[in-house]
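Peer 1: Single-letter residue listing:
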Amino acid sequence: MFEAPVQKLIDELARLPGVGRKSAQRLAFHILQIEEVDARRLADAIIEMRETVRLCSRCFNITDEEECSICRDLRRDPSGICVVERAQDIVVVERTQEFKGRYHVLGGAISPIEGIGPDQLRIRQLVARIDAEGVTEVIAATNPNVEGDTTALYIARILKPLGVKVTRLASGLPVGGDLDYADEITLGRALAGRQEL
Amino acid sequence: MRLLWLELGYFRAYRSLHFEPGAGVNVLIGDNGTGKTSILEGIGYLASLRSFRNAPDASLVADGSDEAIVRGEFTAAERSSLVEIAIPAQGRRSVLLDGKRPKGRAEIAERVALVAFLPDDLDLVKRGPAYRRGYLDEAAVQVWPVAASEFGEYDRVVRQRNALLRREGHNADVTTLDVLDEKLSSLGSVVLARRLAVVALLEPVVAELYGELSERPGRVEWRYQAAGLGEPDRESSADSLRTLLGDALAGARAGDLDRRITTVGPHRDEVVMLIDDRDVRTRASQGEQRSIALGLRVAAYRVLLDRRGTPPVLLLDDVFSELDPGRGERLVGQLPQGQVFVTSAREEEVPLVGDRWTVSTDGVRAA
Ligand SMILES: [Zn+2]
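Just so you know, the protein sequences line up as chains X and H, in that order.
Heads up, the first sequence is in our numbering, so the first residue is 1 and it goes up one at a time.
Heads up, the second sequence is in our numbering, so the first residue is 1 and it goes up one at a time.
For the record, the hints were derived by calculation from the structure and aren't laboratory data.
Heads up, none of these hints are tricks.
Chain H regions said to be covered by chain X (calculated; three or more residues, Cβ under 8 Å):
id: 1; region: 151-157
id: 2; region: 160-169
id: 3; region: 172-183
As a list, the in silico BS3-like pairs of lysine-lysine whose alpha-carbon atoms are at most 27 Å apart:
id: 4; chain 1: X; residue 1: 22; chain 2: H; residue 2: 103
id: 5; chain 1: H; residue 1: 100; chain 2: X; residue 2: 22
id: 6; chain 1: X; residue 1: 165; chain 2: X; residue 2: 100
id: 7; chain 1: X; residue 1: 8; chain 2: X; residue 2: 22
id: 8; chain 1: X; residue 1: 100; chain 2: X; residue 2: 160
From the three backbone atoms N, C-alpha and C, an ideal C-beta is built for every residue, glycine too.
Turn these sequences into a full structure, and let the hints steer you where they fit.
Peer 2: Okay, structure coming up:
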């Protein structure tokens, strides 16, 4: 155990994904040693991000306005929506330059183990967009693992009766991992070779 | 297949151990509690990424340390494989193969082949179906390394379905259950096809070995009983099994909702082993059971040898103390030898010639 303020920071850091006890300690002691102005800049950046950044009212991407830059871009094809689990996956798909439509961020994948069902995801909001935006194809770019596949199948079952073509990225992505494990060439190929569910 | 060296750090009773075994038979002699089994357990961990004693990872870390390290280098057909594993007392272990993160167990299984004979091997025939499923799956992964991820994904979807049933019972969302069933039948059919294929590989070998390992001949036969499907044809394609599983899951849905558990699928299957039509588990003598248990391990060894063209690393953990001398020698006669690690408390009971090592809690030295 360390002095209470140090321990408090270690505890907070250790709650971040991918940060174990040891790394949290290392980070905390690093922050203790840097100049106070640098530490303050880090703290301010966290607060500023949280205060100014919000979620796009249409696709739930990260934005600092009502709608994100992709949703506002009139050159994007409104008939196609690429569904991803997390906002950072949009960047990964954008890098492939293969997709010209818009996105929809679900906020996760169906995982009863973690208590996440369809109602905990933004599936209702996705369904509402189909008619409103004249969507004809939905690409399920959820992670290539059991939860991502299950979510893709779920979306297909919900949207097919609405006359929407639901496709899934072609296999070939590293199985079991996250979408961002794939390089852009592999992901681009998976997008181009997507198959109807 | 050969282990060039092994290093253990804060693993079980060892603070630090470096061991360079011989290329042939290595007999590790030591009193009980000196850690000779831990050395074999470390070697086994490098190959299968788990403890062959089914010990949870955290229990492998030496008291007072926060991380155990297992490192070793294997070589086969002039290709070397460096496997390095860090097992923290809390959290996830990390594995490196030649300095890089492998894509999964499959990548290790492609490079390292190993078969272990354990003092508890009688459990394979005497105890519940999970023991036999574990044996078949372990063999399947070594024969077809890609099966490791198939089994992992199947296991995941079963746990998801069970979680849904447990949490929601009859309130479970029907569409979610439908898609989990679809996923479960497609992954389950792949697992089931692997099981049937590995049964087809192993059963005739065990049947042939049985006569050699036991005093009396007997007709050995396996029956693969798939939960909800009966005895599927061993030649079944994954596609036809998928349809069968899908139908069986649909049929079991109402009962599964009541019981809040998934009752259909290869995670519930059993392979019944028979000698002259008698169930080995319930209607065979201890001697017959032991002969079958040995046969299971020898068969895995033979099949791997046949597939890879080079003998797997062989671990014999305190196996001879349980065998009468005749059976011990018959066993050794069935194992075309590559590199072997044998542990024993008593040197004279090991019917094998090779390098002798004395094991103490300080380490290993040539005897
Ligand atoms: Zn947007």
